[in-house]
Amino acid sequence: MSPIPAKAGIGLRFQHHRAVLEDRPPVGWLEVHTENYMGGGVPLDFLERIRRDYPISMHGVGLSLGSADGLDDAHLGRVAAAVARIEPGLVSEHLSWSTAAGHYLADLLPLPLTEEALDIVCANVARFQERLGRRVLVENPSSYLRFAHSTIPEWEFIAAVARRTGCGILCDVNNIFVSACNHGWDPLVYLDALDPATIGEIHLAGHSFKTLANGATIRIDDHGSAVIDEVWNLYVEAIARLGAVPTLIERDNNVPPLAELVAEADHAAGLLARAHGLHDAHAA
Amino acid sequence: MPTLREVQSAFARGLIARDTGLAAPFVVEDESIAAAERLGIYRNTFVGTLIQALRNTYPAIERLVGAPFFEGAATVFVGQHPPLGAYLNEYGGEFGDFLAGFAPAASLAYLPDVARLEWVLSSIANAPDAPVLEPAALGSLSEAEQGLVRFEPHPAVRLVRLAFDADVIRQTVIRHDEDSFKGFAPDPQPFWLLAQREGLEPVMRRMTDAEADTTRALFAGQTLAEILTPESMEAQVSVLADHLAHGRFAGFAVAGAA
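So the sequence lines, in the order shown, correspond to chains A and B. Going by our numbering, the letters in the first sequence line up with residues 1 to 284, in that order. Going by our numbering, the letters in the second sequence line up with residues 1 to 258, in that order.
Looking at chain B on its own, in the form it has when it is part of the complex (with noise of 0.2 Å):
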């Protein structure tokens, strides 16, 4: 008799392989349904979920590249892709990769940071609530504790580095506008975009290099004494002050305090 492991494994590498073959001699046989009609039934369950998964992720690639098309690169990526884990606002993060480098998808260059947009914004939406730092809390510090500051970043706010004019072109996609697309021509200069979930609401901004300097040392962890310097001092301060007016920090911790 097979183990129960025996069994789930050989499950779960035919559905992911789509070969029915490898679990079909553990299924009972009968004259009116094959062993592998009844595996493919939850082969497509398998796969029709994971595909709906994605599509609630990524409905602006959707529409650029119409249902079928969608279809058949979510099926590629399912079986390249299969989830690690049940939760599945979290499947499918490696889809704008997967899109850059998918043959059938070559000539549309700008595929992928629309997919890494969607991504970043779909990854804030499902963000936990943690509660927002305010700044008051920063004002019993003493100026020596100030420079040892290490923010954390609050869990519904990401930093990211896109190219094609990715957010106008999501943005177009998704308010049904395709007519201001036509001639449109995507710029390839990378950019960096600040996305965040403000109440409930997701809020992007695009960034100057300076800012996202900024932004990546205050999100990385460094002390306010290591990311500030004389020469740019004023700048980097007025974007610390904007990300606490905006609540993208969800706390602090002094550097070397217990």
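Next comes chain A alone, as it looks inside the complex (with noise of 0.2 Å):
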């Protein structure tokens, strides 16, 4: 197991198996998605011939940590067989939910924030990491809407499940920004209600703005461009105060050449080293 390096790097997509192995981009780091990589063949192949340049980190969406049925036993052996067979440096996975009444519901869905779901996802985390036998990081949302009765903070609810189970927090700072813009929340105190110790990982993204019927705007997290000004701020005041984190650069649509997510993985190391006199935050 190669372990993540406090450097940049990038979500490794499909699109970019190929120009990985043949160029060898000066990234610190890469991220799978863990469900890309549960059967065999060619992208199973790839992989393997990329980890042996890289440290590897595996990234889920589908285990649904929030489920109040419980973790799904099947997806949860396919995320430890993976995790297995790739030795990935982090694993992690999202506060949400995605799986109800025995159905996948392919999103990452956001949670009453009560002291009933804490427990739930403690108890889920709990599994997970007993499952695999190490540390997981928990993802922050974004999210579109709030529920009625909700009665925690999303920053106090997340900072009790680290501490609570003892997992880390992967800090999404794209996320944190929009789901501050959609809900009126002050993103700085966000940041500030997060134990630093906790912190193993920062996700940085692209977003976009949906427009509804009624002239309304709504941020979207969709991976889908490139960061923009405001997050990249958000990610300075982020390491000012979480210090020296591993760094991704995430897009899941409109993927670019990959010199466009290296070139951003490049600035997101020049602001680590500015932050904390690093080096060398971005080569391998």
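What the hints contain is simulated information worked out from the structure, not anything from laboratory work. Among the hints, erroneous ones may be present.
[Unchecked claim] In silico contact screen, one side only, chain A against chain B (beta carbon under 10 Å); selected entries:
(1) 35
(2) 41
(3) 45
(4) 66
(5) 98
(6) 133
(7) 220
(8) 228
Every residue, glycine too, gets a C-beta built ideally from N, C-alpha and C.
Build the complex: two chains, separate frames, hints provided.
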């Protein structure tokens, strides 16, 4: 297992498999979606070769840590098998839910932030960590609604999950920004509530605006564009508080040429270096 | 206060049934954006993600019917067949049967079989890696033991019954060779197709009924003594040898052995 360094990395997508192998881009590490490597064949063959040269992080989207029904045994088993095969430096999932009543809903859905939900998330995270035999990271979500019966601010909720289960936090700075804009939160209050010792990784991504029928706009975390200036500014605030943390550039839609992602990672590396005096925050 | 299970059940039913009213009572309303609009964002992601998953599995179908028709059919399919698990490579296997009963596609009789073929190809592409049975592993068996061998098919191999020249149609469409499709009349006659991931590449070949009979029996785990018949022995052994030579088994067991 290669540990993930406190450098900038990029999300590895199928479109870039061959280019990463051939060009060896100067990034510190790569992150993959766990669900994309649960089968065999071509994707796994590429990843097996790429992991020889880059530390790999595995980021899941389907475990549904917030499900009242508990974790799906079959999916947990697949995650465990993929992690055992790839031996990633970090394993992460989301503070959200996606399965209910036997159906997978193909999205990272928001939780009511209640004491009951906190107990359920903590039980599921504990089971996840026990099954893998390792600490995992849990990522704060983007959200487009709030539940009327929520009683706990999201930043206190995720901090409590980390405190109670011993898991780490994957701090998605873009998600904090998107949710803060959508719900009128102060993103710095969110950052200030996080214990730097629990932060294992930072995510950065682009988002879009959706104009609704009445002309109101809402920000959508679609990972379909470059990181915007406001999010870069919030990232500077984040690393000033949270320290030199491995930082990932994510792109899932409108995936650009590899060089564009590497350039964004290079920018993150420069900010990391400036904040923490790191001489080389990007090269592998 | 509603329980988490109550909220998630209403949310899930609302996404699948396109009824934002089911979960709206739990959601904060504000003057700028109604709860139903906020829920609609999640509904769009739910459907959009699954349409994309189907698009990834069924590229020839999309090309045959065009993107708007495909999206319409996929949207109906998603409502009728929401996924049962989070591993989306396993999602959409019923799409061929769905198309067979989808009235707007009734004039395209070949469509369900092309979809069934694409599902087979997706299944073998995503099948787990597994070691291939080396023929030499059978060398140490006694003659009596050989008759009791049951083979385990490799997970990246499928035998499927299709019609309407589905393999020819798919190949033509995927190669963007639509010109050669003009005037082509698909043959409704059923045929057997063996598909496998050989190395990392998908390979397909048609089989005769006799070859398919032997293959189905082998893949079902029947022993050689149960399968081989004196009058067809030579042809059956030839089929077995071909499977062994192309790595279509992952292992074997001797019936009755501990």
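Cross-check of the supplied hints:
1. 35: holds, 6 Å
2. 41: OK, holds: residue 41 of chain A within 10 Å of chain B, min 5 Å.
3. 45: holds, 6 Å
4. 66: holds, 8 Å
5. 98: This interface hint holds because 7 Å falls under the 10 Å limit.
6. 133: With a minimum Cβ separation of about 21 Å from chain B (threshold 10 Å), the hint on residue 133 of chain A is violated.
7. 220: The hint holds - residue 220 of chain A has a Cβ within 10 Å of chain B, the shortest such distance being about 7 Å.
8. 228: It is violated, given that the least Cβ distance between residue 228 of chain A and chain B is near 20 Å, above 10 Å.
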